[in-house]
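Enquirer: One line per chain: the protein sequences are A and B, in this order. Last residue of the first sequence? That's 70 in this note's numbering, and every number before it is there in order. Last residue of the second sequence? That's 1211 in this note's numbering, and every number before it is there in order.
Think of the hints as simulated: they come from the structure by calculation, not from any bench. It is possible that some hints are incorrect.
Said to hold, decoys possible - Partial selection, computed: residues in chain B whose CB lies under 7 Å from chain A:
{"#": "1", "residue": "ASP1083"}
{"#": "2", "residue": "GLU1084"}
{"#": "3", "residue": "ARG1087"}
Claimed, not checked - Label-pair restraints from in silico Cβ distances:
{"#": "4", "chain 1": "B", "residue 1": "GLU1194", "chain 2": "A", "residue 2": "VAL68", "range": "53 to 63 Å"}
{"#": "5", "chain 1": "A", "residue 1": "SER47", "chain 2": "B", "residue 2": "SER1103", "range": "24 to 34 Å"}
{"#": "6", "chain 1": "B", "residue 1": "ILE1193", "chain 2": "A", "residue 2": "GLY59", "range": "48 to 58 Å"}
{"#": "7", "chain 1": "A", "residue 1": "ARG60", "chain 2": "B", "residue 2": "LYS1199", "range": "36 to 46 Å"}
As the list claims (entries may be wrong) - Under 7 Å between C-beta atoms, here's a sample of chain A residues computed to sit facing chain B:
{"#": "8", "residue": "THR32"}
{"#": "9", "residue": "ASN37"}
{"#": "10", "residue": "TYR44"}
Owing to the predicted nature of the structure, the values given are computational and were not obtained by experimental measurement. Ideal Cβ positions, reconstructed from N, Cα and C, are used throughout, including at glycine.
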Amino acid sequence: MNPRLRVSNRLRVLRAEADITQERLAQDVGVTRVTVNCVERGEYLPSLELALLLARRFGRTVEEVFIVEE
Amino acid sequence: MKNIFIKLHKAVLAYIAWGWPTILLNVALDKWAGDSPALWRAFLCDAAFAWFVCAPIAPITLLLDRSRRERAMARLCGLREGDERERAVTGEAARSSLLLALSLQTVLLVMSMTTLRLFWNPLTTKAGERGLITVGFSFDPARHLDPFGTAPAGAHKLTALGASLTPAPDQIEFGGFLVSPSAFPLLALMILIELAAFKAFSGRRYAGAGE
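Next comes chain A alone, as it looks inside the complex (with noise of 0.2 Å):
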């Protein structure tokens, strides 16, 4: 990964939103609630595949939740 790039993402902004739990929306993508909390705190970066299933979740597009900062 180039190091000179951030990844954030508004998962807890769409969460919010949606008005789900960090819970329910790990059952509905398949993985634990402390990913989904890694995940929102910038902590892991999630491989492509959750990126998708997080996106499609939320009907958005995948650079719609996460953003690249330069």
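With chain A's structure known, arrange chain B on it following the hints.
Expert: Chain B alone, transformed into the frame defined by chain A:
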């Protein structure tokens, strides 16, 4: 037939996981209560022996069954469910553990080729001194070329800085190899197996054939 084999395999693995106290109990009873003709003691002894016979099945299963291996790794790491982040955590932990094990084994390998000798000469010429201690530290891999000790005595003479450290008749000598030279082949084999296994598994995963 296949179902019977799977159930038997599960039962054996459960016995390996939970049956190890039979070994401790059997050894403890042998040590403190001595031999006994009682039937339950014979049964306990047989159960302990069966555990020893079954024990190699666990590592072989872990080697061949990827899902079981991942579950075992996740449990060792204190993880419960095992998603992609947890697999990354266990992978990182496995990599660090491998490097730690390799470094320790390398140190032990070098120690198995290193000798430390202390020579104490209690008869010194200077008054008020209790004796002279000479420390000899030597890298001595030549011993491994003669594993059965067939070389004539003195063939592996210990030297330091080019000087012979053979003790004088009035000297007392202590020491030897830091780790037994007999551990050398086992340590070398373990290092080679670990490197080869890491190479093989990582190669398969990198090529995408591991799934």
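Enquirer: Does GLU1084/B hold up as a contact with chain A if the rule is Cβ-Cβ below 7 Å?
Expert: holds (5 Å)
Enquirer: Given a hinted range of 36 to 46 Å, is it respected by the beta-carbon distance of ARG60/A and LYS1199/B?
Expert: Holds - the Cβ-Cβ distance for ARG60/A and LYS1199/B, about 42 Å, lies within 36 to 46 Å.
Enquirer: Can you tell me whether the CB distance of ILE1193/B to GLY59/A sits inside 48 to 58 Å?
Expert: holds (51 Å)
Enquirer: The hint names THR32/A as touching chain B; please verify it with the least Cβ-Cβ distance against 7 Å.
Expert: Cβ of THR32/A sits 5 Å from chain B, so the hint holds.
Enquirer: Against chain A, with CB atoms and a cut of 7 Å, does the hint on ASP1083/B hold up?
Expert: holds (4 Å)
Enquirer: With chain B as the partner, please determine if TYR44/A meets the hint condition of a C-beta pair closer than 7 Å.
Expert: holds (5 Å)
Enquirer: Does the beta carbon distance between GLU1194/B and VAL68/A stay inside 53 to 63 Å, or does it fall outside?
Expert: Violated - the Cβ-Cβ distance for GLU1194/B and VAL68/A, about 39 Å, lies outside 53 to 63 Å.
Enquirer: Hey, does the ASN37/A contact hint survive, CB to chain B under 7 Å?
Expert: violated (10 Å)
Enquirer: Kindly confirm whether 24 to 34 Å is satisfied by the beta carbon distance between SER47/A and SER1103/B.
Expert: Since the Cβ atoms of SER47/A and SER1103/B sit about 31 Å apart, the hinted range of 24 to 34 Å holds.
Enquirer: Tell me if the interface restraint on ARG1087/B is satisfied: Cβ within less than 7 Å of some Cβ in chain A.
Expert: violated (10 Å)
The structure fails to meet hints 3, 4 and 9 from the earlier list, while all remaining hints are met.
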